[in-house]
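K.L.:
All chains should be modelled from the sequences, with the hints used to inform the complete structure.
Positions 0 to 203 (numbering that gives the first Met the number 0) are the ones given, in order, by the sequence shown.
Heads up, a few of these hints could be off.
The calculated lysine-lysine pairs, modelled on DSS-like cross-linking and capped at a C-alpha distance of 25 angstroms, are [stated by the list, open to error]:
#	residue 1	residue 2
1	Lys167	Lys156
2	Lys103	Lys156
3	Lys103	Lys65
4	Lys166	Lys156
5	Lys65	Lys167
6	Lys166	Lys65
7	Lys103	Lys167
Keep in mind that the hints were calculated from the coordinates and are not lab data.
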Amino acid sequence: MRIRALVAVVSAAAVLSACGQDVPPGSNALPPPNLPAPTTPMPASPASSVGDSVELDTSPTIERIKQRRQLLVGVRVDAPQFVSRDPAGEYQGFDVEIARDLAKRIGLAPTQVQFRRLPPTLLLDAVASGNVDVLLGGTADSPQLAVVGPYVVTDSKRYVVIKSDDKKLAEYLQQMLDAAVADGSWQRAYDATLRPAGINARPH
Numbered sequence: 000m001r002i003r004a005l006v007a008v009v010s011a012a013a014v015l016s017a018c019g020q021d022v023p024p025g026s027n028a029l030p031p032p033n034l035p036a037p038t039t040p041m042p043a044s045p046a047s048s049v050g051d052s053v054e055l056d057t058s059p060t061i062e063r064i065k066q067r068r069q070l071l072v073g074v075r076v077d078a079p080q081f082v083s084r085d086p087a088g089e090y091q092g093f094d095v096e097i098a099r100d101l102a103k104r105i106g107l108a109p110t111q112v113q114f115r116r117l118p119p120t121l122l123l124d125a126v127a128s129g130n131v132d133v134l135l136g137g138t139a140d141s142p143q144l145a146v147v148g149p150y151v152v153t154d155s156k157r158y159v160v161i162k163s164d165d166k167k168l169a170e171y172l173q174q175m176l177d178a179a180v181a182d183g184s185w186q187r188a189y190d191a192t193l194r195p196a197g198i199n200a201r202p203h
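P.N.:
Below is the structure:
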């Protein structure tokens with residue numbers, strides 16, 4: 000009897016020992032809950048930051064000009080020494096050359112300028128209403144308007160007139176006018192138009 004009991008105990012111990020070796024530890028425990036992956040704070044969306052930058056740094060007027068693929072320029076009918084129209088309907092003169100130079104610097108072709116000849120009574124309204132993007136040779140006698148330049152000085156100063164609510168446009172136009180003087184475009188326009196007419200002028 001003692002031998003049988005001893006054999007039974009040894010057998011039971013062997014089985015338990017074998018079970019302890021073959022079963023991976025913790026296999027009888029409940030599986031750990033599915034924890035969410037650790038998260039790190041996401042940086043601000045580049046699109047939103049770029050959008051804010053574009054909104055702050057871009058002129059709405061220039062954006063419209065680029066989308067339209069045309070620069071609308073108001074010129075005075077009472078300043079034939081600066082702009083005239085030949086029998087074929089082509090515009091000529093210093094203001095025409097300056098307008099085409101501005102168009103080129105915006106990214107347009109010189110042919111993508113539309114001129115609108117305006118009498119003195121319609122100059123300011125044309126700019127304020129958006130019928131023209133810029134007016135050459137006007138004044139800002141209204142809170143809605145602002146001047147850039149002058150772009151040429153003869154016996155008086157001639158300015159580019161724009162709407163006052165687009166301050167970036169004013170900055171860009173001034174940079175363009177300065178660049179035209181620096182790279183010789185202003186001088187070439189003067190030599191081709193005002194100088195042959197005997198009009199003395201300087202950039203500013």
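K.L.:
Each hint needs a verdict: does it hold in this structure or not?
P.N.:
A quick look at each hint next to the structure:
1. Lys167 / Lys156: holds, 22 angstroms
2. Lys103 / Lys156: Measuring from Cα to Cα gives roughly 24 angstroms; hence the hint holds.
3. Lys103 / Lys65: This hinted pair holds, its Cα atoms lying about 11 angstroms apart.
4. Lys166 / Lys156: Distance ~21 angstroms between lysine 166 and lysine 156 Cα, so the pair holds.
5. Lys65 / Lys167: Cα-Cα ~15 angstroms, so holds.
6. Lys166 / Lys65: holds, 18 angstroms
7. Lys103 / Lys167: holds, 18 angstroms
Against the hints set out earlier in the document, no violation occurs for any number.
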